[in-house]
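Number of protein chains: 2
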Amino acid sequence: MTLLVRKVKELREVLKGKEVGFVPTMGYLHEGHLALIRRAREENPFVVVSIYVNPTQFGKGEDFERYPRDLERDLKICKKEGVDVVFAPTDEEVYPFGYLTEVHVKGISEVLEGKFRPNHFKGVATVVLKLLNIVRPRRAYFGEKDYQQLKLVEKMVRDLFLDVEIVAVKTVRDKDGLALSSRNTYLSEEERKSALSLYKSLLLAKELIEKGERDAKKIKEKMREFILSFEKVKKIDYVEITDKELNPKDFVEEGDRILLAVWVGNTRLIDNWEVGEPL
Amino acid sequence: MTLLVRKVKELREVLKGKEVGFVPTMGYLHEGHLALIRRAREENPFVVVSIYVNPTQFGKGEDFERYPRDLERDLKICKKEGVDVVFAPTDEEVYPFGYLTEVHVKGISEVLEGKFRPNHFKGVATVVLKLLNIVRPRRAYFGEKDYQQLKLVEKMVRDLFLDVEIVAVKTVRDKDGLALSSRNTYLSEEERKSALSLYKSLLLAKELIEKGERDAKKIKEKMREFILSFEKVKKIDYVEITDKELNPKDFVEEGDRILLAVWVGNTRLIDNWEVGEPL
Chain A
9 MTLLVRKVKE LREVLKGKEV GFVPTMGYLH EGHLALIRRA REENPFVVVS IYVNPTQFGK
69 GEDFERYPRD LERDLKICKK EGVDVVFAPT DEEVYPFGYL TEVHVKGISE VLEGKFRPNH
129 FKGVATVVLK LLNIVRPRRA YFGEKDYQQL KLVEKMVRDL FLDVEIVAVK TVRDKDGLAL
189 SSRNTYLSEE ERKSALSLYK SLLLAKELIE KGERDAKKIK EKMREFILSF EKVKKIDYVE
249 ITDKELNPKD FVEEGDRILL AVWVGNTRLI DNWEVGEPL
Chain B
9 MTLLVRKVKE LREVLKGKEV GFVPTMGYLH EGHLALIRRA REENPFVVVS IYVNPTQFGK
69 GEDFERYPRD LERDLKICKK EGVDVVFAPT DEEVYPFGYL TEVHVKGISE VLEGKFRPNH
129 FKGVATVVLK LLNIVRPRRA YFGEKDYQQL KLVEKMVRDL FLDVEIVAVK TVRDKDGLAL
189 SSRNTYLSEE ERKSALSLYK SLLLAKELIE KGERDAKKIK EKMREFILSF EKVKKIDYVE
249 ITDKELNPKD FVEEGDRILL AVWVGNTRLI DNWEVGEPL
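Chains as they are written, first to last, in our numbering: chain A, 9 to 287; chain B, 9 to 287.
Since the hints were made in silico from the structure, they are not lab data.
Since we're looking at a predicted model, the values are computed, not measured.
Warning: the hint list may mix true and false statements.
Said to hold, decoys possible - Here are the computed lysine-lysine pairs in the DSSO-like style, where the Cα-Cα straight-line distance is at most 30 angstroms:
1. A/Lys17 <-> B/Lys114
2. A/Lys114 <-> B/Lys159
3. B/Lys123 <-> A/Lys114
4. A/Lys252 <-> A/Lys208
5. A/Lys87 <-> A/Lys15
6. A/Lys24 <-> B/Lys17
7. A/Lys15 <-> B/Lys26
8. B/Lys24 <-> A/Lys17
9. A/Lys68 <-> B/Lys130
10. B/Lys68 <-> B/Lys114
11. B/Lys201 <-> B/Lys178
12. A/Lys15 <-> B/Lys159
13. B/Lys15 <-> A/Lys114
14. B/Lys240 <-> B/Lys123
Given these sequences and hints, build the entire structure.
What follows is the structure, encoded as structure tokens:
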């Protein structure tokens, strides 16, 4: 049985004494979320999924209002997956009247995504800390699709001595390679084709590296050129090659990350790949 | 027996399963700290005192280097008071290499003390959150002497859903009324006399209010004038009258706070009083 909980106080009662695996989400669940939930299901006696579209991580003019929401559908999915509790709080629960506290992970919040979404990671860090403190899980599950978010959460957990294990789960892709995202629902059929430019540019990078190319600048240049050849691509926010800790690299090695953000029509998509891994 | 612990990992082992009362301090313990420790001793089966002079809450040119330290003396006192664990971490323990996370309680951090010590409360909030996460106490004890700090911690605990009860303990004063502070050791004999201006100005305010004065501006003006009449007083940073939540008041009521910060020689002292309480 899956219990729907709306209030922090009720959740605390329900979770007392439980060893919890926690999957924080913004809802509109897809196979990417299911991979997190199934992993949590395997590793924990009790599984909590939170569904909360966090307003503080959206900037002005971003897609907070139109972000897809369907709690009933999400609940059905969670039931099917054997989730014990779905925590779907209101804004007033998460940000009670007069709240003033925010968490900032410096450095990591200002690069890549942070350059284009200035207060995004302050919102992410704050809400993740709140949720971790509310749920107090033994393990919490995050997708590699949002790699920078994953690194931010890992850093915060270490810096603040939180007693939780952060588990990273590989990106889930559609049959054609598109990384799953709730934002894919924004795409028209035409845009969907151009959205493949992200995955395919990573494939291109993989090929180049496998042929011996190590020069990050050259790889990025070729990726850019390739991405911009897709009809519905409006602009590239960034294509970057970094080490595991998001420090830019000039020469590429195994274990490095290639990360990118691309606008397809009015939809902003991100993707990333660890050099040396399958794709 | 009092155990001295230096490492987070060791502390976690020692505290496993314990119901802890926690007294965070910067050491150089005086009767003010003892009031916190004794209260914690009464209310908890296990008492932890931390001794850590937190570098991030000191500004440039402030007294971080000369802040008084005497761990041996503090240990003796803690033994006498029946403290179970003294946690005295190194900087590397609290701020491990590459730390990037900080906590900010907006608003409350920018007024009063915050105006004169710009990053002070960011440092306080961050270290208190770290310590609370390391020690994970049932109850934590803070002195009213640092009233703004107390309010900041209360706010942070609420906003971040920390599972700890914050217990406020009344300011302890010397026989002549001077609020106890480790910084009092900086004062020369002459300065010690002028340091009484803080307490005595609060007494003056109390008298005025008891005689029916309600105009905050007039009370503050008279306090200022009085304080500046002391020989070794160099300047006043602020004299303010606020409600319990540190919002400025024009007309004074019971339950309001009068707060002040005064430089006596090269020593900055603070004090406060709740209107209607004994002094």
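30 angstroms Cα cutoff - pair lysine 15 of chain B, lysine 114 of chain A
holds (25 angstroms)
Starting from lysine 68 of chain B, check that the Cα of lysine 114 of chain B is at most 30 angstroms away, please.
Given pair lysine 68 of chain B, lysine 114 of chain B holds - Cα atoms ~21 angstroms apart, limit 30 angstroms.
Please verify whether lysine 68 of chain A and lysine 130 of chain B have alpha carbons no more than 30 angstroms apart.
holds (26 angstroms)
Quick one, are lysine 123 of chain B and lysine 114 of chain A close enough, alpha carbons at most 30 angstroms?
holds (23 angstroms)
Between lysine 240 of chain B and lysine 123 of chain B, does the CA-CA distance stay at or below 30 angstroms?
holds (23 angstroms)
Does the structure keep lysine 15 of chain A and lysine 26 of chain B at a Cα separation of 30 angstroms or less?
Holds, at roughly 28 angstroms.
Measure nothing beyond the straight line between the CA atoms of lysine 252 of chain A and lysine 208 of chain A; if it is 30 angstroms or shorter, mark the hint as holding.
holds (22 angstroms)
Please verify whether lysine 17 of chain A and lysine 114 of chain B have alpha carbons no more than 30 angstroms apart.
holds (25 angstroms)
Sort out whether lysine 17 of chain A lies within 30 angstroms of lysine 24 of chain B, counting only the CA atoms.
Holds. Lysine 24 of chain B to lysine 17 of chain A sits at ~25 angstroms (cutoff 30 angstroms).
Given the hint that lysine 114 of chain A pairs with lysine 159 of chain B, does the C-alpha gap stay at or below 30 angstroms?
Holds, at about 25 angstroms.
With a cut-off of 30 angstroms on the C-alpha distance, tell me whether lysine 15 of chain A and lysine 159 of chain B pass.
Distance ~25 angstroms between lysine 15 of chain A and lysine 159 of chain B Cα, so the pair holds.
Keeping to a limit of 30 angstroms between CA atoms, is the pair of lysine 201 of chain B and lysine 178 of chain B held or broken?
holds (23 angstroms)
Violated hints for the displayed structure: none, as all numbered hints are satisfied.
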